[in-house]
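Start from the sequences, fold in the hints, and give me the full structure.
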Amino acid sequence: MWQGRIGVLALVFVAILAGIPMCAAGGGGGDNQLEVYSWWTGPGEEEGLAAMVQAFQDENAGVTFVNAAVSGGAGSNAKAILASRLLANDPPDSYQRHAGLELEDDVRSGKVQDLSALYDREGWREVLPEGLLDNLTIDGRIYAVPVNIHRANLMWYRPATLDELGLGGPPKTWAEFLDQAERIKQAGRTALAIGPQWTQKHLFETVLLGELGADRYEQLFAGSLRWSSPEVEAALATYQKVLSYSDLRSASGDWQPQIDRVVAGTAVYAVMGDWASSYLEGTKKQRWQQGYAAVASPGSDGVYSFLSDAFTLPTGARNPEMAEKWLVECGSTEGQNLFNPKKGSIPARVDADAKLYNGYLGWALGQWRNPRTRIVGSLAHGVVANNAYNAEIDSALGLFNQNSDLNGLAVTLDRTYEATR
Amino acid sequence: MEGDWLHQPPEPVRRSARMRRVPGWLAGLGLMSPSLILVGVFIYGFIGWNVRVSFTSWQGLRPVYDFVWLDNYTALWNDARWRTDARNILVFTTVFVVGALALGFLMALLLEKGARGEAFYRGVFLFPMAISFIATAIVWRWLLDNGSGADTAGLNKLFADLGLGFLRSDWHKSDSSWAIAAVALPAGWALSGYVMALFLAGMRAIPNTFRESARIDGASEWQVLWYVMRPALRPVTFSAVLILIHISLKTFDLIYALDQGNLKIDTPSLYMWFTTFDGGFYDRGATIATVLLIGVALIIGPYIRYWLRTERR
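Here the protein sequences come in this chain order: A and B. Just so you know, we're using the numbering used here here: the first sequence kicks off at 477 and counts up by one. Just so you know, we're using the numbering used here here: the second sequence kicks off at 9 and counts up by one.
Hints were generated in silico from the structure; no laboratory data involved. Heads up, a few of these hints could be off.
Claimed, not checked - A few chain A residues that don't get close to chain B, going by computed Cβ distances all over 12 Å:
#1 594
#2 602
#3 662
#4 758
#5 796
What the hints assert, rightly or not - Below, computed lysine-lysine pairings styled on DSS-like, alpha-carbon distance capped at 27 Å:
#6 A:661 - A:677
#7 A:661 - A:760
#8 A:760 - B:165
#9 A:648 - A:717
#10 A:661 - B:165
#11 A:801 - A:818
From the three backbone atoms N, C-alpha and C, an ideal C-beta is built for every residue, glycine too.
In structure tokens form, the structure reads like this:
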């Protein structure tokens, strides 16, 4: 009889245990809670988010802001957890994605709501550049509100290193880079510092952009130019040559040590997005145009390859009215000016106060607002390729590093484009 | 006494009579049912679900439960990345298991021979196991840095400073297709202490009289080791090998943090993660998981059979 009783007790215990998570999920909430999901946990961006949250709460008294941030891997950990929540139809009230086709799967699966009406009401179409709006539009509608803009097509260097080596200035084309690279190699230094796999993809898109030009770059990712066409294969061959002058065989484990090699002078150039600027200013205590400098990567002067952190309105959000207010905060001049100087990025809006952005950011903002600047989207950061295509490009580039089969790479990429469109 | 225990209301006779009628098997089932249900749902239920997904064409955030037969399995077979991964995991497992076994055995033997301060060394050798694989990987990412010239760091710098520069290696970034063998260094560093503990316990369990009588019969120390210790340690070795192999097949965090996305050290478990969560290929991810499970089952199966047989004896 003892056994029977313990058995019953155990069953009750299990029933209670099973009930706890349900209570936890169901409890809380209510009208005055807003759960926002992001991967903003790094230095700068965390403070920027906190400033925006503060302003949001000042305007909407009594709202409990739940910061559901997940750290690590430029959002890759956060994306995995978010996927499980979206699959379980348990979305946060708003979540972060990179603007562009990274959101395509969410849109086609009906996970996010159309924000076109909100764009019209807030007049955002007038204050965001056309190139950005084009890249935000999926199947004719807009589903995300961009907070910031980063630039991907930049080449970083230390002016003193160029002087030491007698290089007149940073290269204007990839052909010129290869000329310089040979001289740099003979001087016993590395021409191009490189980092983990994603930085190689970042370099890959930058070489493609420089060699193909903005138009054909966009055609390539829109599917109207094939990877196996002669001009793209030529660009791929350039990528291979550029890699051969990089320190790929002893690549850094992360992007910061990659930049460190440029600061230390053992490497001359590095292709990296403009988050490098706040790292160089903050951690490395370098000044813009003195300790470090950056120019548009070879062949891409006048082109702004962007990536952007954007927020969404998920289908089935518990508090959609409050979520919409959060999106308005994200899209407002005030919100973007609170966030961007801290994060080290520029506002997506062209009417934000320019005085808040100095040094590199001032230069970047000038380029972003210049009506002559051509805006295209970054591949490695989710703008011009959907998640499936992007992941297959990762595999293809990784295999290319091992087998150096250029034609195989082109054929594989053509095939995966068809399979993932 | 029973009434005291729960301050039961009257009628204790009738209650206990009723309780006594509960047959033994039912009480046993009641006792087991919580864990049976949990294991059934959270392990076997999910395994079954995973296998089901591996027969679908589910990609992206909208689940699809169609049936595509073995398409995903044949696609995997033709997938160049998968073939690299399968080869990598075989190389890694071989080097890691043999290395950790040899090192663990050697350390156990030295401690067994009565090194001074045994408890201290035991602690030192076991300690790496207490560190998470992620932390281990971050430390070893620096130790296995292969920068040259002014960028020399980690183990290579140590070698250079000691005048052993010829030992310099590119480790896991080497051009060799055996590059993944270098990952066995941190993995072995983390787990050889555990193997040592297993062997040490096994050695301690061998009655001293065995060795004494062998020595009296004129056996050398090597003969004692080979003919007395080795057979007696066979069950321990067997367990250690199986534990190491299944850890090796599942290794994820170590490689993830060591050099993310470097296909030279890519393994099936990493490919599963990237293709599922970066690319949304749930069908392919489930297929890889199923193949991995079969791989582990092929190794664990004989182990369980072996134990059932010895138990019965």
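Violating hint indices (sorted, rising): none
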